[in-house]
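Undergrad: If you want the building blocks of each chain, they are given just below.
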Amino acid sequence: MNNLPNQFCRRTRREFLWESGGGFGAAALSGMLGENFFSKQARAVDGSILVNPMAAKKAISDSKAKAVIFLFMYGGPSQVDTFDYKPNLYPLDGKSIQVKTFGRGGHRNQGRVVGPKWAFKPKGQCGKMISDLFPNLGTCADDIAFIHSMYAESPIHGSAMLMMNSGRVLSGHPALGSWVTYGLGSENQNLPGFVVMLDSTGGPISGPKNWASGYMPAAYQGTVIKADKHPILHLQPPKDLTESAQRRLLDTLNQRNQAHMATRPDNSELAARIASYELAFQMQTHAPEVVDFSKESKKTLDEYGVNEKRTSDFGRKCLLARRLVERGVRFIQLYSGGAHNDDNWDAHTDIVSNHTKHAGNTDRPIAALLRDLKQRGMLDSTIVVWGGEFGRQPTAEYAQGTGRDHNAYGFTMWMAGGGIKGGISVGETDELGGAAVKDRFHVKNLHATILNRMGLDPNRLSYFYGGLDQKLVGVEPVEPIHQIMA
Amino acid sequence: MLICSTTLALTALLFSAPTVVDQAAEEHFEKKVWPLLQSKCLKCHSEIKPKGGLRLDFREGLLKGGDLGPAVVLGKPAETILLKVLDYKGDIQMPPSGKLTDAEIAVFRQWFDNNLAWKKGIKPGPTKVQAHEGKPKRIEAKDYWAYQPLEKVSPPAVKNSAWVKKPIDAFILSKLEAKGLQPAPPADPVSFLRRISYDLTGLPPTPAQIDLFVNDKSPEAVEKVIDRLLASPQYGEKWGRHWLDLVRFAETNGYERDGIKPFAWRYRDYVIGSFNQDKPFDRFVREQIAGDELPSRLDSKEDADRIIATGYHRLGIWDDEPADPLQARFDEYDDLVATTCQVFLGMTMNCARCHDHKIDPIPQKDYYRFLAFFADIGKFSNDRNPFSATSLTDITPLEKRKLFEGEVEARKKKIAEIEVELKRIQDIGISRMSGEDKDAAMANDREAVINAKLKGVLNAEENKEYNKFKKEHGELKKQKPPESQEFALSVNQCRVKPDPIKLLIRGNPHSPGEPVTPGFPSVIATAEPNIPEIKPGAKTSGRRGVLADWIVGPENRLTSRVFVNRIWQHHFGRGIVATTNDFGQFGESPTHPELLDWLANDFVAGGWKVKRLHKLILLSSVYQSAGTAVEGVSQLAANSDPANTLLWKFPMRRLSAEEVRDSMLFASGNLNEAMGGPSVYPPIPPEVLAGQSVPGQGWPTTQGPEANRRSIYVHVKRSLQLPILSQHDQADTDSSCPVRYTTVVPTQALGLLNSAFTQEQAGVFAKRLLREAPASLLDRLILANRITTGRPPSAEQQKADKALISDLMTVHGMSSDNALRQFCLVALNANEFLFLD
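Protein chains in written order, with our numbering: chain A, 1 to 486; chain B, 1001 to 1837.
Don't take each hint at face value.
Stated by the list, open to error - Below, computed lysine-lysine pairings styled on PhoX-like, alpha-carbon distance capped at 25 angstroms:
{"id": "1", "chain 1": "A", "residue 1": "Lys438", "chain 2": "B", "residue 2": "Lys1402"}
{"id": "2", "chain 1": "B", "residue 1": "Lys1152", "chain 2": "B", "residue 2": "Lys1609"}
{"id": "3", "chain 1": "B", "residue 1": "Lys1379", "chain 2": "B", "residue 2": "Lys1502"}
{"id": "4", "chain 1": "B", "residue 1": "Lys1414", "chain 2": "B", "residue 2": "Lys1471"}
{"id": "5", "chain 1": "A", "residue 1": "Lys438", "chain 2": "B", "residue 2": "Lys1084"}
{"id": "6", "chain 1": "B", "residue 1": "Lys1402", "chain 2": "B", "residue 2": "Lys1414"}
{"id": "7", "chain 1": "A", "residue 1": "Lys239", "chain 2": "B", "residue 2": "Lys1031"}
{"id": "8", "chain 1": "B", "residue 1": "Lys1453", "chain 2": "B", "residue 2": "Lys1423"}
{"id": "9", "chain 1": "B", "residue 1": "Lys1471", "chain 2": "B", "residue 2": "Lys1453"}
{"id": "10", "chain 1": "B", "residue 1": "Lys1802", "chain 2": "B", "residue 2": "Lys1166"}
{"id": "11", "chain 1": "A", "residue 1": "Lys438", "chain 2": "B", "residue 2": "Lys1767"}
{"id": "12", "chain 1": "B", "residue 1": "Lys1031", "chain 2": "A", "residue 2": "Lys438"}
{"id": "13", "chain 1": "A", "residue 1": "Lys309", "chain 2": "A", "residue 2": "Lys357"}
{"id": "14", "chain 1": "B", "residue 1": "Lys1040", "chain 2": "A", "residue 2": "Lys421"}
{"id": "15", "chain 1": "B", "residue 1": "Lys1032", "chain 2": "A", "residue 2": "Lys100"}
{"id": "16", "chain 1": "B", "residue 1": "Lys1358", "chain 2": "A", "residue 2": "Lys95"}
{"id": "17", "chain 1": "B", "residue 1": "Lys1051", "chain 2": "B", "residue 2": "Lys1089"}
{"id": "18", "chain 1": "B", "residue 1": "Lys1120", "chain 2": "B", "residue 2": "Lys1032"}
{"id": "19", "chain 1": "B", "residue 1": "Lys1084", "chain 2": "A", "residue 2": "Lys100"}
{"id": "20", "chain 1": "B", "residue 1": "Lys1767", "chain 2": "B", "residue 2": "Lys1799"}
{"id": "21", "chain 1": "B", "residue 1": "Lys1609", "chain 2": "B", "residue 2": "Lys1301"}
{"id": "22", "chain 1": "B", "residue 1": "Lys1477", "chain 2": "B", "residue 2": "Lys1453"}
{"id": "23", "chain 1": "B", "residue 1": "Lys1477", "chain 2": "A", "residue 2": "Lys438"}
{"id": "24", "chain 1": "A", "residue 1": "Lys100", "chain 2": "B", "residue 2": "Lys1089"}
{"id": "25", "chain 1": "B", "residue 1": "Lys1358", "chain 2": "B", "residue 2": "Lys1412"}
{"id": "26", "chain 1": "B", "residue 1": "Lys1455", "chain 2": "A", "residue 2": "Lys95"}
{"id": "27", "chain 1": "B", "residue 1": "Lys1423", "chain 2": "A", "residue 2": "Lys438"}
{"id": "28", "chain 1": "B", "residue 1": "Lys1453", "chain 2": "A", "residue 2": "Lys95"}
{"id": "29", "chain 1": "B", "residue 1": "Lys1224", "chain 2": "A", "residue 2": "Lys100"}
{"id": "30", "chain 1": "B", "residue 1": "Lys1123", "chain 2": "B", "residue 2": "Lys1040"}
{"id": "31", "chain 1": "B", "residue 1": "Lys1152", "chain 2": "B", "residue 2": "Lys1064"}
{"id": "32", "chain 1": "B", "residue 1": "Lys1166", "chain 2": "B", "residue 2": "Lys1089"}
{"id": "33", "chain 1": "B", "residue 1": "Lys1358", "chain 2": "B", "residue 2": "Lys1502"}
{"id": "34", "chain 1": "B", "residue 1": "Lys1802", "chain 2": "B", "residue 2": "Lys1767"}
{"id": "35", "chain 1": "B", "residue 1": "Lys1767", "chain 2": "A", "residue 2": "Lys239"}
Unchecked claim - Computed footprint of chain B on chain A, listed as stretches where at least three residues anywhere in the stretch have a Cβ under 8 angstroms from a Cβ of chain B:
{"id": "36", "region": "218-228"}
{"id": "37", "region": "257-267"}
{"id": "38", "region": "274-281"}
{"id": "39", "region": "410-417"}
Just so you know, these hints were derived from the structure itself, not from any lab. This one's a predicted model, so the numbers in the text were calculated from it and none came from an experiment. In this text, a Cβ means the ideal position worked out from N, Cα and C, and glycines have one as well.
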C-alpha cells in the first residue's frame, strides 16, 4: 500500500478508492494485525475500505508543528479591551459617533463609544501593548504573534461558530480538527486524535456540530473529553464488573470472533472489530492515566492554577492539553465559556464584569501552558491558537451600560508556537478598532496558516464529496498569513 | 492560411499598443505595476483557468474583461471595476488575500492615468508557471454512457446456464466467465434467511421463522419468504430509511436554536407508507416535487399525502438568523437543486453554482435554469418562527374541519383588527421621531426602531393603550391551533408569478447577471420545458409539475437508471455505479452497464413498481449465493477481483446503525413495534447532553416502552444524536447521504460494552432466556444463540459459554443471574450478531 502523504492529499476520491481497495486481498490480514495495526478503519463511498483513517501520516512538507491546541474564547472577546490597543478610543467614551456596525442588533450607522475599560502596558522585549486583563499572559508576549485584522462572514453565534470551526457559515462541513486528523492521522492510537474539552457551564451554541466531521467518516469527528476521572463517554465498565471479570468476557468474545473469522478470512472488518475491543480495553486504562495529575509537581499544578478555585477548571484543561500533546494527540480544542450570555465572552450588557471573569479564569492557565510547553521544548512543535468566533464593537449595544454587540468586521486572534514568529503583530483595525483595514485576514487565512504550519497544503488537502474536491478553505486558493510564519 | 492568420494577429497587437511611447509610463509599468500584478493578481488571472474569465497579464485582457465586463474603461475611473475592487468596499474585493496598501493602490491609479501603458516585450503569463495537477481525462458528452438513451439489451449467452435463475444472473455470470471465475455456491438456508430478513425489514428472523424456512422443501420456499417480507409493514420502515438518507431528512433546522420542523414525522410516515403500498416510483417522485400541483383526489388520506410529500422541499438546514439574508435565500435554493439533481438524476449540478462544472457538461446557466423551477417556493419561514405559513398546510379532513373552522376564523379576524390598531399607534409614534429614525422605519428596520424608540415618543396614555393591544395580540398569536386541526410540513403560499431568476456571477447573489427561464440540464434535454399558462385561482407557478413530469418522462435517461441502481446498492452493498449520487465523470463507471440498462428498462416497463424489482433481484442466483469464502474458488477470485465488484460471492456487511439498535431490542424482547406518529426521544447520557449549550434542550426524554420504538422513529435532531446510532455511522443530515460509511472504532466497542443501553438490554435478554428456556442452562445458551445468530451454538462454543458462566460464578463470585446477563452482553457484542453473510 502506497501511503505517501502528498499523494494522499492530492488523490481524487476515485484514485483513493482504487489504491486502498486494490491493496486489500486476503493477504492483507497478517500485515494488518502486526504491531502497526491501526485502530480505525472506514469504508468509502463505494463500500471499499479506507485503510486506517487515523494512522499517523507524514506531512507533505517539513514542519515542526505536530499538534494544535485551539483555545476557543467562545462568545467573542472584545479586541479593544484585550490586545488591540486604541489610545484614541478612551477619550471618546460616551460620545455618539458615526460608525457602521453589524451585530445581532442588525446594521447601524451610529453608536455611543464605550472606551476601553482597561489600561494597556508594554510587555516583553517586543513592547507589545497588552491590556491589564492579562497580567500573566503579558509575560509571554515575545512568543506570540497577534493578528489584529481578522474578519469573518457572520456576526451571529450559530453561523460564526461554524465559520471558525469548519470554514463555512453553512452547516455540514468537517471541523478544522477533522481536516487536520484526516491529513495527518494521530500519533497515539490509544486515544482519540481530535479532542474537545468543554466549559463547565456547558457546550457552545450548536453543540456537537462544532466538532462534527460533516461528510467525512465519523472517525474524524471530535471526541469530548473531560479533565476528571471519567474522561471519555462509556469508558467506565459497570460498577459490578471487575477488570478481571471484564477481561474474562473479552477473552470469550475474542475466541468466538476468531472462530467466526476463520471461515471469512477475506473480511478485514472482522479483524478490525476484534482489534477494536482490545483497543477499547486498553483505552479504559490509558485514558484515566492521562487525566491523573498525581505525578505532576506542585509547582506545575500551582502555575496552571489548578489549586485555585477560580482558575482550576481551565487550568486542569490546559494541563490536560499539554499531557495529550505529549502523548501524541493531534488536535485539541478547549472552550473557555459555554452555554449562553455571560457564561461565555458574549458581553452584551457589562463588558467589565464579563471580561474580568473570563479573562481572570483563563489568563494564568494559558500563560502557564505557553511557558510549560516552552520549557519542555514542546512549544516549537505545538501550535497554540487563541480567539473567539468574532470580536466586539467599539460602541455600546444598548442605551445604558458598557455592553458591546458582536463584530465580525474586525477582531484579534493570536497564535504561538510551531512555526510561528513570536513578538510580532500584523494587520490593523481602524482607529476605533471596529473594522480590519490593513492586511485583512479572513478566517480562511487563519485556517490556511494552521494547515500550512502543520505541513499540509491548504489548497490541496481535499476530500471528494458531492461532486467536488472539497477543501477546508474552499474553492478559491487561500494564502496563509506569511507575515507571522517563522 | 496559417501564415496569413499569424500575420493578422501580429498586426492587431501592434495597432492596439499605445501610439505615443511614453518612457516614464513604460517604466512605471515595468518597475511597479508588473511586479504587483505578478505577486497579487496573476496567480488567478492569467492563462491557466482565468478566474471569472478575466486575464490581467496582457493589456487587451483588461480592456476586454471577464464575466463582469471590462476591467478597465479607459478615461472613466467610475466605470473601471479594477479600481473599485481594490478599494475593498463593494461585494467584490480584490486581491482576496487582503487589501493592497495605499501606495500599491496608487501604483494602479497611476497606471490607469497612463492609459494602461504596457512595456513592449513583456510576455503574458505569470513568471513562474505553477505545476498543474493532472485532471481526469474528460469524455465528450456524446460519448459518455450516462447521457445516452437506455439500450435495449438482452441477457448475454453464458456457459453455465444452469446457474441462471433470472436474466440478472446471465449478466453477472458472463463477466465472471470472461475472467475465468466461478460464482459462489448457494448460501445455506439460515444465512440466506438472515440476510434477506435484514435486507427487507431491518430485523432478524425469529427462531420459528427459521424453522419454517429450513423445513420447507417446496420449490417456492424462497418466493414465499420474499412475499411475506415484502408484505410486512417493517419493509417500509427499512426501505423508507434508505430514502430518508437521500433526502437529508431531519426534524430540526440546525444552527443556534436547531428549532423543530413541525410535523416532519408525517413526511417520514408518508415515505414508509409509500414503500409499503408499493406506490409506483414515478408517482412517488411527482408527489414530492409537486404534489401540491397534482389534481385533488377524493380519498382524503391520498389527498393529504400529496401535500405531505412536498415536505421534501422543507427538510434542509435553515438558518433563522442569517448574516446575509439574500445569500441564505440562495443557499436554500441550492439545497433544493443539489438534492434534487443528485437524488433523482445522479447529477452534481451543485458544482455549477459559481462556474461551469469542472468536468461534466453542465454550464453554469443550467444551474440557474434548473433553480428557476423552484422559484415559486418561499423561504422556510419569513421570520424566525419555524411554524411558518409558507411551510405548513392545513390537511385536516373535511369532517374534522367543521369542528374548528368557526373558532379559527374568529381568532384571525380579531388578530387583524388588533394589528390595525397597533399600526395606527406606531405611525403616531414614528411621526414624532427624528428624521433618521423615520427613514430607518420606512426602510427595513421598522421593527427595530419601534422596539427601541416607540415607548419614548408616546405619552403615558398611548403607551398604556399600545401595551394592552400588544399583550392581547401576543396571547392570541400564541394560542395553539385546535386539537382537531392537522398540519403538514410542506410548501405553501407559493408565488404564482415568481420574480425572474438571474444567473449569479460567480455564484454571488449580489452580482446578478442575465435573467434565465426554467430549463432542463442541457446535456440530456430533448426539448424546452413547456410551462402552462397560469390559470385563475392557481396557487403555484406550475413549474415544478413540469419538472416532475420530465424527471419521470420517457425521454429521461437518468432517473430510472439512478433509481434501480439504488435498489441494487442496498441489496448488494454497492451500486452497479458505486457513486450512486454521481453518474458524472467524477463518479465511478458502472461495473455492469448492460445490466443497469436492462434493469431500468424492465423497471419502467413494469410500471415503476418497486416490489416487483426487489423480487426480480431476490429470486436471482447471485442474490442467493454464499457470502463466506470457499476454499480454492475464492482464492482465485480474490486475487483477480479483490473488491468483489464482479460479485463472485455475496458481499458480507455489518448491520447499519438502526439495525444494531433495533436488533438489540429485538433480542432482548424489548422492541416496541408500534408504527408511525410523532417521534420518540430515547435517553441520551448526560455526558452527551452536556455538549449542548442548554443541556437537554430539544430532547424531552421518552421513558418506558415508547423509548424502545424502532430507530426510524427516533427524533432526528441535527445537533444531537443517539450515541449508539452516531457511533455506527448514522446518515449525516445536512446534505444528501447516498452511502453510509462503515467505520470500526474502539469507541463503538466501549459503547456496546459499557453503555446503559446495552447493559439494560443484556439484563432484559437474560430474563427472557430464563422465562423462555426455564429447563436448563444449555437450553438458554442455545436459545440465546438462535436469537442472536440464527443457529444453535457449535459444540465447542457451548463448552466455552458454559466455562464462561461457571468461571464468572466461581472465580468472580457472580450470581447465576448476573453471570447469564454477562453472557448475554457477550452475545450482543459478537461479530456473528453484527455481521451478515
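Undergrad: Evaluate each hint against the coordinates.
TA: Taking the hints in turn, this is what the structure says about them:
1. For the hint linking Lys438 (chain A) to Lys1402 (chain B), the alpha-carbon distance of about 66 angstroms lies beyond 25 angstroms, and the restraint is violated.
2. A hinted pair counts as satisfied when its Cα atoms are at most 25 angstroms apart, and Lys1152 (chain B) with Lys1609 (chain B) qualifies at roughly 19 angstroms.
3. This hinted pair checks out: Lys1379 (chain B) and Lys1502 (chain B) have alpha carbons roughly 18 angstroms apart, not beyond 25 angstroms.
4. Taking the CA atoms of Lys1414 (chain B) and Lys1471 (chain B), the gap is near 13 angstroms; set against the 25 angstroms cutoff, the hint holds.
5. With a CA separation close to 17 angstroms, the supplied pair Lys438 (chain A) and Lys1084 (chain B) stays within the 25 angstroms bound.
6. Of the pairs offered as hints, the one joining Lys1402 (chain B) and Lys1414 (chain B) holds, with about 20 angstroms between alpha carbons and a cut-off of 25 angstroms not exceeded.
7. Note on Lys239 (chain A) and Lys1031 (chain B): the hinted pairing is violated, with a Cα-Cα distance of about 77 angstroms set against a maximum of 25 angstroms.
8. Restraint check for Lys1453 (chain B) and Lys1423 (chain B): satisfied, since their Cα atoms lie roughly 15 angstroms apart, inside the 25 angstroms limit.
9. At roughly 18 angstroms between alpha-carbon atoms, Lys1471 (chain B) and Lys1453 (chain B) fall within 25 angstroms of each other, so this suggested pair holds.
10. A hinted pair counts as satisfied when its Cα atoms are at most 25 angstroms apart, and Lys1802 (chain B) with Lys1166 (chain B) does not qualify at roughly 46 angstroms.
11. Our distance criterion of 25 angstroms between C-alpha atoms is broken by Lys438 (chain A) and Lys1767 (chain B), whose separation comes to about 71 angstroms.
12. Between Lys1031 (chain B) and Lys438 (chain A) the alpha-carbon distance is near 24 angstroms, which keeps this suggested pair within the 25 angstroms criterion.
13. With a C-alpha separation of about 13 angstroms, the suggested pairing of Lys309 (chain A) with Lys357 (chain A) holds against the 25 angstroms cut-off.
14. Restraint check for Lys1040 (chain B) and Lys421 (chain A): the C-alpha separation of about 23 angstroms stays at or below 25 angstroms, so the hint holds.
15. For a cut-off of 25 angstroms, the pair hint linking Lys1032 (chain B) to Lys100 (chain A) is broken: about 34 angstroms separates their Cα positions.
16. Our distance criterion of 25 angstroms between C-alpha atoms is broken by Lys1358 (chain B) and Lys95 (chain A), whose separation comes to about 54 angstroms.
17. Restraint check for Lys1051 (chain B) and Lys1089 (chain B): the C-alpha separation of about 20 angstroms stays at or below 25 angstroms, so the hint holds.
18. As the CA atoms of Lys1120 (chain B) and Lys1032 (chain B) are separated by approximately 15 angstroms, the hinted pair is consistent with the 25 angstroms bound.
19. At most 25 angstroms may separate the alpha-carbon atoms for a hinted pair to count; Lys1084 (chain B) and Lys100 (chain A) meet this at roughly 20 angstroms.
20. As the CA atoms of Lys1767 (chain B) and Lys1799 (chain B) are separated by approximately 22 angstroms, the hinted pair is consistent with the 25 angstroms bound.
21. A distance of roughly 21 angstroms separates the Cα atoms of Lys1609 (chain B) and Lys1301 (chain B); the hinted pair therefore holds under the 25 angstroms criterion.
22. About 24 angstroms separates the Cα atoms of Lys1477 (chain B) and Lys1453 (chain B), which keeps this hinted pair within 25 angstroms; it holds.
23. Among the hinted pairs, Lys1477 (chain B) with Lys438 (chain A) is inconsistent with the structure: their alpha-carbon atoms are about 49 angstroms apart, more than 25 angstroms.
24. With a C-alpha separation of about 12 angstroms, the suggested pairing of Lys100 (chain A) with Lys1089 (chain B) holds against the 25 angstroms cut-off.
25. At roughly 52 angstroms between alpha-carbon atoms, Lys1358 (chain B) and Lys1412 (chain B) are farther apart than 25 angstroms, so this suggested pair is violated.
26. Under the criterion of a C-alpha separation no larger than 25 angstroms, the hint pairing Lys1455 (chain B) with Lys95 (chain A) is consistent with the structure, at around 23 angstroms.
27. Simply put, Lys1423 (chain B) and Lys438 (chain A) have alpha-carbon atoms about 46 angstroms apart, too far for the 25 angstroms limit, and the pair is violated.
28. Under the criterion of a C-alpha separation no larger than 25 angstroms, the hint pairing Lys1453 (chain B) with Lys95 (chain A) is consistent with the structure, at around 19 angstroms.
29. Proximity of Lys1224 (chain B) to Lys100 (chain A) is assessed by CA-CA distance (about 73 angstroms); at most 25 angstroms being required, the pair is judged violated.
30. At roughly 17 angstroms between alpha-carbon atoms, Lys1123 (chain B) and Lys1040 (chain B) fall within 25 angstroms of each other, so this suggested pair holds.
31. As the CA atoms of Lys1152 (chain B) and Lys1064 (chain B) are separated by approximately 50 angstroms, the hinted pair breaks the 25 angstroms bound.
32. Among the hinted pairs, Lys1166 (chain B) with Lys1089 (chain B) is inconsistent with the structure: their alpha-carbon atoms are about 67 angstroms apart, more than 25 angstroms.
33. A hinted pair counts as satisfied when its Cα atoms are at most 25 angstroms apart, and Lys1358 (chain B) with Lys1502 (chain B) qualifies at roughly 21 angstroms.
34. Simply put, Lys1802 (chain B) and Lys1767 (chain B) have alpha-carbon atoms about 18 angstroms apart, close enough for the 25 angstroms limit, and the pair holds.
35. Taking the CA atoms of Lys1767 (chain B) and Lys239 (chain A), the gap is about 20 angstroms. The hint holds against a cut of 25 angstroms.
36. With 5 residues having a beta carbon nearer than 8 angstroms to a beta carbon of chain B, the region 218-228 of chain A meets the requirement of three or more and the stated coverage holds.
37. Counting residues of the region 257-267 of chain A whose beta carbon lies closer than 8 angstroms to any beta carbon of chain B gives 9, which meets the minimum of three for the stated coverage.
38. Counting residues of the region 274-281 of chain A whose C-beta sits closer than 8 angstroms to any C-beta of chain B gives 5, which meets the bar of three, so the coverage hint holds.
39. With a threshold of 8 angstroms between beta carbons, the proposed coverage of the region 410-417 of chain A by chain B is violated, since 0 of its residues qualify and at least three are required.
This entry does not satisfy hints 1, 7, 10, 11, 15, 16, 23, 25, 27, 29, 31, 32, 39, going by the numbered hints stated previously.
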